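Chemist: Spelled out from the first residue to the last, the chains are:
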Amino acid sequence: MASKKFLYINRRAPHGSIYAHESLEVVLIGAAFEQAVTLAFIDDGVYQLMQNQDTGGIGVKNFAPTFRALGDYDVNQIYVEQESLELRGLSKDDLIPLTYEDEDDDWAEKDSIHVVSSAELADIIEQQDVILNF
Amino acid sequence: MSVLHIVNKSPYERNSFDTCLRLAKADSAILLIEDGIYAVQKNSATSSKMEQALGNHPVYALQPDLQARGVNPDNMIDGISLVDYDGFVKLTTEYDRLQSWL
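Going line by line, the protein sequences match chains A and B. Position one of the first sequence corresponds to residue 17 (my numbering), numbered consecutively onward. Position one of the second sequence corresponds to residue 14 (my numbering), numbered consecutively onward.
Just so you know, the hints here were simulated from the structure itself, not pulled from any lab data. These figures come from a predicted structure and were not determined experimentally. No residue lacks a Cβ here, since even glycine has one placed at the ideal position from N, Cα and C. Heads up, a few of these hints could be off.
Said to hold, decoys possible - A short list of chain A residues far from chain B (calculated; beta carbon distances all over 12 Å):
| # | residue |
| --- | --- |
| 1 | Y63 |
| 2 | Q67 |
| 3 | R84 |
| 4 | R104 |
| 5 | S134 |
Stated by the list, open to error - Residues from chain B that face chain A, not an exhaustive set, calculated with beta carbons under 8 Å:
| # | residue |
| --- | --- |
| 6 | Q80 |
| 7 | Q112 |
| 8 | W114 |
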C-alpha cells in the first residue's frame, strides 16, 4: 500500500475537552502504520504544546509529556501557526521543545516544531492526501 | 445583590468572557476557571478587555487550572488574584448569587 500524507489539525485547548488527548492517541496509532504524518496546531490548539503543564491539581491525566515521544515515531513535521501564538501572547519559547534524530543526517538532533505563517500553513494543507480534524 | 460571575470557556473559542463583561454589574466579581483562565495572559488579543474589566470588578483565577495548562503566573495581567479550591468555595459563600456563563 502506498503511503499517504496525513495531516492532523488540532484546534482545541488541551484539558477542557477530550479532543486533544484523542488526537494524540490517533496520531500515535497512525504513525505505527508508517504513514507520513504531519501535525498542525491552530487557534486554541497551540495551548496543547505549552511547557510546564502539571495536571496534578485538577485530577486528569497529563498527556503533554507524550508529545516528546512523537520524534521516536518519525512524527517530526509539527507546524504551529504564528498568528495563533501572537493572538494569545505566546511565542515558540512557551512551547515544549520537541526534537527528533535525523537518520539522513548522522542522527543529528533537530527541531520538530516549525512556527509558520497562515500563508505557509495554507500551502501545507493543500499538499495532503487525508486531513483529520480535532 | 452581589453576583459572582464564573467563566470556564476560552475567550478565543467562545464569547462567554465578552458576554460576562457586558452584563456584569460594577459590584460583582469574576472568577475564571478551566479554559476560562486563558484570559489572564499579558500582551494577548484579550488583555485590553481584561485590563478594563479590572477597573470595575475583582477578578480571580483558579490556580490549579493555570498550573494544569502551563500558564505561568508571571505572565498574568497585574491585578488578577489567584485562588485555590478553598478560595473558590469561600468566594461562592461571599456573593449572593452565582452566574456560570457556560
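Chemist: For each hint, tell me whether it holds in the structure or not.
Modeler: These are the hints, each one checked on the structure:
Against chain B, the non-interface label of Y63(A) is violated: not every CB pair exceeds 12 Å, the least being about 6 Å. Non-interface call for Q67(A) relative to chain B: violated, since the shortest CB-CB distance, roughly 5 Å, does not exceed 12 Å. The beta carbon of R84(A) is kept farther than 12 Å from every beta carbon of chain B, the shortest such distance being approximately 14 Å. With 12 Å as the threshold on Cβ separation, the claim that R104(A) sits away from chain B is violated: the shortest Cβ distance comes to roughly 5 Å.
With a least beta-carbon separation of about 15 Å from chain B, S134(A) lies farther than 12 Å from that chain, consistent with its non-interface assignment. Interface restraint check: Q80(B) against chain A, minimum CB-CB distance 5 Å, threshold 8 Å, status holds. Because the closest C-beta pair between Q112(B) and chain A is about 19 Å apart, greater than 8 Å, the hint is violated. Taking 8 Å as the C-beta contact cut-off toward chain A, the hint placing W114(B) at the interface is violated, the least distance being around 14 Å.
Hints 1, 2, 4, 7, 8 from the list above are not met by this structure, while the remaining hints are.
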